[in-house]
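Asker: Listed below, chain by chain, are the residues.
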Amino acid sequence: MLDIALRHRFGRDGFGLEMGFAVETSGVTAIFGPSGCGKSTLLAAVAGLLRPQEGRIHLDGVALLDTARHIFLPPEGRRCAVVFQDARLFPHLSVESNLRYGLRRAPAEADGPGFGEVVALLGIGHLLARRPGALSGGEKQRVALGRALLARPRLLLMDEPLAALDAARRAEVLPFLARLRDAARLPILYVTHALEEVDALADRLVLLEAGRVLAAGSVEDLATRTDLPLAARRDAGVLLPCVVQEVSAEGLTRLAFPGGELVTTAHPGPPGTRLRLRLRARDIAVAAEQPRGLSIRNILPAVLTGIEPAGDAGEVFLRLAVGPTTLLSRVSRQAVAELGLQPGKPLWALLKAVTFDHRPGAG
Amino acid sequence: MLAPEEWQAVRLSLEVATRSVLVSLLPAIAVAWLLARGRFPGRMLLDALVHLPLVVPPVVVGWGLLMLFGVRGPIGAPLDAIFGIRLVFSTEGAALATAVMSFPLIVRAVRLGLESVDPGLEAAARTLGAGPLDRFLTVTLPLMSPGILAGAVTAFASGLGEFGAVITFASNIPGETQTLPLAIYAATQVPGGEATAARLAAISFALAVGGLLLAELLARRMHRWLGRG
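So the sequences go chain by chain: A and B. Read left to right, the first sequence gives residues 0 to 362 (numbering that gives the first Met the number 0). Read left to right, the second sequence gives residues 0 to 228 (numbering that gives the first Met the number 0).
No lab work stands behind these hints, which were simulated from the structure alone. None of these values were measured; they are calculated from a predicted model. C-beta atoms are modelled at their ideal positions from N, C-alpha and C, and glycine is treated no differently. It cannot be assumed that every hint is accurate.
[Said to hold, decoys possible] Okay, the calculated bits of chain A under chain B, using three or more residues with CB under 8 Å as the criterion:
{"#": "1", "segment": "37 to 48"}
{"#": "2", "segment": "75 to 81"}
{"#": "3", "segment": "85 to 93"}
{"#": "4", "segment": "345 to 354"}
Looking at chain A on its own, in the form it has when it is part of the complex (with noise of 0.2 Å):
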């Protein structure tokens, strides 16, 4: 478990900080906000980067820091990890002893996936004997994550490791993450202002607002939610985990959920391969009756279990039940009445198998 309650306030009224939140430790937990709402203060603040004024930070029962008992660990004695934005690989260092710094200094029994393992699973073989300066953006922040996985930490923490590189860089990088966390075995601290990143590789979102949180819980949960922030986003909708069941030779792929199944045009890979599939809201289309001669791939017969405001006065959000999965709907006021629509009204949700672009690694 990871236990944090803090309260800090930078300069006398400055920007304050007041929170709190208790999380496994395992897997990885996103700490998601607009720029400037603290989830980099919060980051700092667990590495033992910052000193709050006031608050406790718990690690599988290890105090990091507790004010109130006078205990603050300094950052070398924290074992947490830290992948910098900006990856901060030490320029007079080769590349590998860069990989071995953090190794050096691990205690003797702490437990993680070894050099050689390390190097290949992140594909950085051939860049050992160079410096960081000889190395591309992508490049240095597989290596930084490399050097921080090496460390042996107990946690580890990523500080918007993406948000330095530029859309194709970003696109190398994230797989490599996603075979980190699956390799790492070790719980993952992740902030970010990237929803991308939150569906490809997180378990669990902290959500931040000014200092606050508004809200945690597992990603599939909080996607459902329509009193947050998130909902009132472009790219609002549920999550969804797939698992790619046929891939046929029209090009199409039929993906099973619980509760039903999908077919998409998008390619996520062979059979098997699991997924996770943002469903927006405002692609998802409900028909009263069965609709038919529809180019729309997907019909899913649902259960309509509730209208939610949608922050727009001309919008709701429907609430649907497919099986045990749960997917919103986001249409106008107007088709409300004219549909009739009530709780527990059965429907028909329609979704265009194009409408997809899948995020490889998640599951």
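With chain A held as given, fit chain B onto it using these hints.
Answerer: Below, chain B alone, put in the same frame as chain A:
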């Protein structure tokens, strides 16, 4: 080409300058650290004290050293009584006077080097488990080394030419404390010494230019080594 006494002055100058740099390097790194990173009362006072030799006439610095390190001075007397060390009128004394005079130059350069070190890299070292001394030796020191080198070379070059403090504290003894500038001065004081003075002046000039070129070359190498292109 050169008379034996002239060679002696060249050799002595190189020796005094080298020893002065060796003596002042470690204290200079410590003082630069305190001035750049330290948060303590009296930091401004220390800063002023370190820079004093830049503004006080060198003769006054030499006189101050004479007061402190003379055989009856508060430091010189115990040094003589306990260790039998007499700094006045000796090569060691010339090196000490040179070290004090060039100390602000080294401290300035080392401090610039230290301030150019990205604190983010030291923070990264901390999160990877490096304690204070460990990260100083493995991250801070290598990254500030261009500053240390620049300070050492500048102090060496200026140490070759230190005159006022040396002649006041260590006197002008051929073979002991008569460095290049003192030998040039002595040569100008005797009839027919013009040729000697000219030769020694040319050597001083060549050493200074050579030192600057060497410093530039080393600095470039070092920056390449640090991956700063």
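Asker: Hint by hint, say whether it matches the structure.
Answerer: Results of checking the hints against the structure:
{"no.": "1", "hint": "37 to 48", "in the structure": "holds (count 3)"}
{"no.": "2", "hint": "75 to 81", "in the structure": "holds (count 6)"}
{"no.": "3", "hint": "85 to 93", "in the structure": "holds (count 5)"}
{"no.": "4", "hint": "345 to 354", "in the structure": "violated (count 0)"}
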